[in-house]
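Once you've looked at the hints, dock chain R against the given chain L.
Here the protein sequences line up with chains L and R, keeping their order. Read in the numbering used here, the first sequence has 363 at position 114, and its numbers run on one by one without any break. Read in the numbering used here, the second sequence has 161 at position 178, and its numbers run on one by one without any break.
None of these hints come from the bench; they were simulated from the model. Virtual Cβ for every residue (Gly too), placed ideally from N, Cα, C. Possibly wrong hints are sitting among the right ones.
[Stated by the list, open to error] According to the in silico footprint, chain R covers these stretches of chain L (three or more CB under 8 Å from chain R):
1) 345 to 353
2) 372 to 385
3) 478 to 486
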Amino acid sequence: MSHASTLISEDILAYLEAHEHKSLLRFITCGSVDDGKSTLIGRLLYESQLLFEDQLAALERDSQRDGTQGDGLDFALLLDGLAAEREQGITIDVAYRYFSTDKRKYIVADTPGHEQYTRNMVTGASTADCAVILVDARKGVLTQTRRHSYLVSLLGIRHVAVAVNKMDLVDYSEERFREIERDYRVLASQLAFDEITCIPLSALRGDNMTERSEAMPWYRGPTLMEYLETVEVDQERLQRAPFRLPVQWVNRPDLDFRGFAGTIAGGAVASGDRVVVLPSGRESTVERIVTFDGDLERAIAGQAVTFTLADEIDVSRGDLLAAAAAPPPVGDQFEATVVWMADEPLLRGRTYVMRVGTKTVTATIAPLKYKLNVDSLEHVAANQLALNEIGVVELELSQPIAFDPYAANRETGGFILIDRITNNTVGAGMLHFALRRSANVQWQPVEVDRAARAALKGQEPFVVWLTGLPGAGKSAIADVVEQRLLALGRHTYLLDGDNVRQGLNKDLGFRPSDRAENIRRAGEVAKLMVDAGLIVLAAFISPFRADRETARSLFADGEFLEVHVDAPVELAARRDRKGLYAKAERGELANLTGVDAPYEPPEDPDLRLDMAALTLEEAAERVLAVLRDRQLVP
Amino acid sequence: MTVAAARLTHLQRLEAEAISVMREVVAEAENPVMLYSIGKDSSVMLHLARKAFHPAKPPFPFLHVDTTWKFREMYAFRDRMAQEHDLDLLVYVNEDGLRRGIDPFSHGSVVHTDVMKTEALKQALDKYGFDAAFGGARRDEEKSRAKERIFSFRSAQHRWDPKNQRPELWQLFNARHRRGESMRVFPLSNWTELDVWLYIYLEQIPIVPLYFAAERPVVERDGTLIMVDDERMPLEADEEPELRKVRFRTLGCYPLTGAIESDADTLPAIIQEMLLTRTSERQGRVIDHDAAASMEKKKVEGYF
Chain L
250 MSHASTLISE
260 DILAYLEAHE
270 HKSLLRFITC
280 GSVDDGKSTL
290 IGRLLYESQL
300 LFEDQLAALE
310 RDSQRDGTQG
320 DGLDFALLLD
330 GLAAEREQGI
340 TIDVAYRYFS
350 TDKRKYIVAD
360 TPGHEQYTRN
370 MVTGASTADC
380 AVILVDARKG
390 VLTQTRRHSY
400 LVSLLGIRHV
410 AVAVNKMDLV
420 DYSEERFREI
430 ERDYRVLASQ
440 LAFDEITCIP
450 LSALRGDNMT
460 ERSEAMPWYR
470 GPTLMEYLET
480 VEVDQERLQR
490 APFRLPVQWV
500 NRPDLDFRGF
510 AGTIAGGAVA
520 SGDRVVVLPS
530 GRESTVERIV
540 TFDGDLERAI
550 AGQAVTFTLA
560 DEIDVSRGDL
570 LAAAAAPPPV
580 GDQFEATVVW
590 MADEPLLRGR
600 TYVMRVGTKT
610 VTATIAPLKY
620 KLNVDSLEHV
630 AANQLALNEI
640 GVVELELSQP
650 IAFDPYAANR
660 ETGGFILIDR
670 ITNNTVGAGM
680 LHFALRRSAN
690 VQWQPVEVDR
700 AARAALKGQE
710 PFVVWLTGLP
720 GAGKSAIADV
730 VEQRLLALGR
740 HTYLLDGDNV
750 RQGLNKDLGF
760 RPSDRAENIR
770 RAGEVAKLMV
780 DAGLIVLAAF
790 ISPFRADRET
800 ARSLFADGEF
810 LEVHVDAPVE
820 LAARRDRKGL
830 YAKAERGELA
840 NLTGVDAPYE
850 PPEDPDLRLD
860 MAALTLEEAA
870 ERVLAVLRDR
880 QLVP
Chain R
-16 MTVAAARLTH
-6 LQRLEAEAIS
4 VMREVVAEAE
14 NPVMLYSIGK
24 DSSVMLHLAR
34 KAFHPAKPPF
44 PFLHVDTTWK
54 FREMYAFRDR
64 MAQEHDLDLL
74 VYVNEDGLRR
84 GIDPFSHGSV
94 VHTDVMKTEA
104 LKQALDKYGF
114 DAAFGGARRD
124 EEKSRAKERI
134 FSFRSAQHRW
144 DPKNQRPELW
154 QLFNARHRRG
164 ESMRVFPLSN
174 WTELDVWLYI
184 YLEQIPIVPL
194 YFAAERPVVE
204 RDGTLIMVDD
214 ERMPLEADEE
224 PELRKVRFRT
234 LGCYPLTGAI
244 ESDADTLPAI
254 IQEMLLTRTS
264 ERQGRVIDHD
274 AAASMEKKKV
284 EGYF
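So here's chain R without its partners, still in its complex pose:
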């Protein structure tokens, strides 16, 4: 996107907005961090951060809150990115949760997510004293996110108060806060899933290979295809992993992320499949199948 046209395309405008938001945070915050979840939105964020501060490196660390249950290919990809781009990568695990043996199989998705993600994130933010954290959430992901600000204010207890958020006018963001309080900042707020994929395609941004269809060992549980990524997965007596051509539309903890059967092994094919498909991307996340307002509850508690 180097050509200076007479007018900007929608992706050029979204890109400029995200870059401007990132620069604003770096100018205003004392100790910013970028949350890095290894998924496609994180890949886009990393790419935008490299653009925003070029020729300097992104002037903040990247934080991966590790539940220890990510796909192996995700860990490999994370480490490759950190090395290639010389990132200051921080990996944080809730050691207390680990000691208590919290895992998604015996404790279920809700407890696992709460302890290993939400709690862990709060612990990490406190430990390093970050006062601004970039997240890749988009408003189109879920109904209650439609009202989220780009700069989302959090109390010293990391709580999000939907009734006490600052109005955002023009491109004027108010990042001022008292000690202990923090901001969650969402540079991709105005992007849709299609925008993200189009941008990855046009900018040739590397993403975890799991997004592309390939033969992978899976078992079917409650209508969801779960990939058997390592030996920690307890199999039922009648379960036998079988090789199917699958891919993932969204990436999380492997036991909580459903695969879809697909032949899409190129970016255009993925986009085509997404455009023709009939289910939204969060459908694959076991975490969202709870109560209607589950996402909102999680946000109030400090989830991203």
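Chain L extracted, bound-state conformation:
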């Protein structure tokens, strides 16, 4: 791995001493294969001489077989990774590459330029200190250049190098370079970069990569490598931020030690500093900063440490420790930008698991304010976000969190959204600010509570949620169950999907986003009724698992029973008293669940009613049996 340094052979100890003090720079490269991106990265690896002989031999062999550079080395082949991708000739994700000079170690996030670029580029940019944006000197600034620059700026990258590549193909023309530089600066004037450096180069020929190009004596700026060796590392900016530490883990080896472990997300802290624990707001003083190598007087952003506090106050994973003199705001409703990363779209009313810092909460998507056209930066009205789309949304959290605006601190202002059923990471977001109404509208405490109301009725309130295809028998079963409960002296209410759609929800249609909102409202109404002490029978098609989970999340454990009224579509169509299936068959009705709209059956319902085998009476009896079994009714 012969680094250029002659120290290696002459004075290895001096070399090690120098390399002990190297810093780390993470950067992202943006551009397509056509711009020569892979060649540029391959060249950086090659010129930092991090290639072993066996890798070089493999490269020569691959260049002969698959290369696009005739007999020359095809540096792009160095970056190829997965076999499936190699066969398809595409890369599908972010790949990380490593090289090193005597000054710095580099981690390059290499993201492809094809249609998945948004998800991948956002992922790669989230940890990058700076971006290298490639522009083909022949083509100049293109729509994709604007797109890439916007994404990089959205993710909070402040330093950008514009690598104007393939200068050899425009005769190393200064005029052409200046024209591109001008165009780019116009484009960037809409974005939030601190500094832009344009570098004319040829990755293929090595001009202005590490060596100054003799073909472009008119260029006096840094080579690409010089730029990378001197550009500011984002960690240094974080050192100037106020102290923040998301508590990751509470360390309690014995009764005498109670430490709070985490990685400092901003600023510095010293023993004796006043800190505040958020969201609780309790204050204490840092007693010790404990590490394996001995206690520290002071610790800075980026260090993984363990603290003890002078007072015995309640601190747990997910809390944020902050400088008492400069605490971050706390809120439970936010405006945020969200980048969507899943095939299943983001919908208003849906609830997701949200991870911010070390805190896990649930977040419900309140209005989607607009989505962004990444090419024109225009705001477009929307009620859902598809894969790779970016939008500005309002979020309602299940509990308050402490945060910083993303622009001030990426670590305490960035979040991910996780699907509650698949556990996949489906979105990434950046917090802007807390909405005022969360501060102004507070839950009004009242003296008469749910328990009092339920006691007066002499019953346990709960919800039976019946889901299934149209015509499966949900309302009919609910009707029978309600009659039985009434006979038992229970106070009930039947919330029927069709009936609710004639009043409260008559503004909603049948698109997935409308269905999500329909179920969100139904869930909230059921919750109010349970709070009033009632037993609620809710009969809703509720075709999407995620929406049913959202409804379930409003209730305590055991308070929500999911019943799957399971009828095969043929049977449901035969029993259908409203003639919906017949209409759908005639093409008069679109989006009918089971016909041309999907139904996601519950994976683990509290009760499944096999309607091919049961009569309505029998089905209702099964429901009552479960209720008796759980001692919800006598």
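Below, chain R alone, put in the same frame as chain L:
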């Protein structure tokens, strides 16, 4: 690395990242385990785990999947580490493979590795019900690893699906999974071989003596120097073990691990040799000489 400087060095940042990943797993997983292969990367992982949870002990067991063909010095080192650091060490051997007499000489490296390593690992994870397993793999080791996540999601069948991995943004890792599913977690993802050696040097981390050059009995086969570590090694008629000054850049099963001739008997000398050498570290592993995409295939099947 106790001094609080104005800025962190690259190794301090890599160290902090690895510690943070380990703490995250302990906070989120129900039953984590650290894979312990006895090599230098495992030594670094053990050291980092001791740092991450200090003053507590690492709050998880260490699992050695034993093929029974490791160098004797490796077993001795493993047991010494377990004792010195009071580790909860689990050793797992694929007894079925052992009964079937699978060995690297008569069955070849592919079958041996598949049965005694990949299969054994899956059996061990199932037996103990681990839902998160730390591994020491690094992205710079091999091309297909460049895209591996730090938290790598595995199905209930331990399969790795390259098309269904979760995006990793900022320092926010998503360790959520359903029962039966698991995560392989790689705290050293962003380290290079040079980083590992520099860190061992600076932190004075103990490693198996086989990494240092010494006179050892070897035979040369197909251009590879194989150390005769015990009497199980069948010698050809014309083979006579000879003492040569050799060391190992990577450690695995002794019949599958090539030695290199070397005088490097200190850490600076090893690093110097590595920096001046012209072949990459996996070159010494017989297992990687198969098809170009061999590592990727193994990963899909559940290899680390």
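Hints versus structure:
| no. | hint | result |
| --- | --- | --- |
| 1 | 345 to 353 | holds (count 5) |
| 2 | 372 to 385 | holds (count 3) |
| 3 | 478 to 486 | holds (count 3) |
Checked against the numbered hints given earlier, the structure satisfies every one of them.
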